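Participant: Using my numbering, read the sequence shown as starting at 1 and increasing by one per residue.
Since the hints were derived computationally from the structure, they do not count as laboratory data. Since the structure is predicted, the reported quantities are computational estimates derived from the model, not experimental observations. Do not rely on the hints blindly, as some may be mistaken.
Computed Cβ-Cβ distance ranges for the label pairs, DEER-style [stated by the list, open to error]: (1) Val141 / Leu162: 50 to 56 Å; (2) Val188 / His224: 20 to 26 Å; (3) Leu245 / Val114: 33 to 39 Å; (4) Leu130 / Ser153: 21 to 27 Å; (5) Ala260 / Lys75: 44 to 50 Å; (6) Val55 / Ala186: 22 to 28 Å.
Note that CB positions come from ideal geometry on N, CA and C, so glycine has one too.
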Amino acid sequence: MTEAASVRVLRPVGLAWRHRELLREMTRREIVRRYRGSALGAIWLVLAPLLMLAVYAFVFGVVFQVRWGGVGDSKAMFAAVLFCGVSVFSLFADVLNRSPMLILENVNYVKKVVFPLEILSYVAVLAACLHFAFSLVVLLVFVGVSMGVPPLSVVALPLVLLPFLLVLVGLSWLVAALGVFLRDVAQVTGFITTAMMFLSPVFYPITAVPESYRHLLWLNPMTHVVEMFRGILIFGRWPAWQELLLWWLVAAGALLIGHAVFRRLRSGFADVL
Numbered sequence: 001m002t003e004a005a006s007v008r009v010l011r012p013v014g015l016a017w018r019h020r021e022l023l024r025e026m027t028r029r030e031i032v033r034r035y036r037g038s039a040l041g042a043i044w045l046v047l048a049p050l051l052m053l054a055v056y057a058f059v060f061g062v063v064f065q066v067r068w069g070g071v072g073d074s075k076a077m078f079a080a081v082l083f084c085g086v087s088v089f090s091l092f093a094d095v096l097n098r099s100p101m102l103i104l105e106n107v108n109y110v111k112k113v114v115f116p117l118e119i120l121s122y123v124a125v126l127a128a129c130l131h132f133a134f135s136l137v138v139l140l141v142f143v144g145v146s147m148g149v150p151p152l153s154v155v156a157l158p159l160v161l162l163p164f165l166l167v168l169v170g171l172s173w174l175v176a177a178l179g180v181f182l183r184d185v186a187q188v189t190g191f192i193t194t195a196m197m198f199l200s201p202v203f204y205p206i207t208a209v210p211e212s213y214r215h216l217l218w219l220n221p222m223t224h225v226v227e228m229f230r231g232i233l234i235f236g237r238w239p240a241w242q243e244l245l246l247w248w249l250v251a252a253g254a255l256l257i258g259h260a261v262f263r264r265l266r267s268g269f270a271d272v273l
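The whole structure should be built from the sequences, with the hints applied where relevant.
Facilitator: So this is what it looks like as structure tokens:
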């Protein structure tokens, strides 16, 4: 990556750092808003992943009798493999489905010239990360109990997670900007996330798909993401440096494109809203 490209990538990241206090406060408000009025409150952060783990394990492991290569007949490991895929995809779906309404629900910020609207996408990603973090803790504890100890490859998780979050920020900027001008974007993203969930190996292994159709799954970016996370968190596979390099380049590209589109369309937000 050239020096100029590096500067362009660091600019949107630096924006979050410059407004870190604002980002922290708005993220806190978003999390409080989500659980306001709930009887159990933040307990759902732990309870929801546990219930999800139990339901998916029963439905796909007992009812549909799905089997996963590499885990044998262990229902515990099958549940962990399934839960890992669901947790990663839920992080993606949470951000993408939330993004079309980010600007529309914060019209009061649009008229404020000095307010950094780009922060709203960071807030959406960080709020979604809280749910993912608790799911990750539940997963690692479950894997530790089932296997004795989580694989050492877990230490490589930040190398895969950080670029994934950058991709989500870039996608959020893109979808949020388009959502101001095209109100159908919310419906489209809902369809896309549902389709991508069933066209990625979240509920089934890739080997369950006929070989002539597997290339369709690999065209889905979330297939690569889910497989990378499973390899690191469960199967003890260290990511190849070529794979990591490509992943970071994809993250940089998504961030640059999303930021460029958002900045270009931002000037028209006030006219539409």
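Participant: For each hint, tell me whether it holds in the structure or not.
Facilitator: Consistency of the hints with the structure:
At roughly 23 Å, the beta-carbon separation of Val141 and Leu162 lies outside the given 50 to 56 Å, and the hint is violated. Between Val188 and His224, the C-beta spacing of about 22 Å keeps the proposed range 20 to 26 Å intact. At roughly 38 Å, the beta carbons of Leu245 and Val114 sit within the given window of 33 to 39 Å. Separated by about 24 Å at the C-beta atoms, Leu130 and Ser153 satisfy the suggested range of 21 to 27 Å.
Distance hint check: the CB atoms of Ala260 and Lys75 are about 47 Å apart, consistent with the given range 44 to 50 Å. At roughly 27 Å, the beta carbons of Val55 and Ala186 sit within the given window of 22 to 28 Å.
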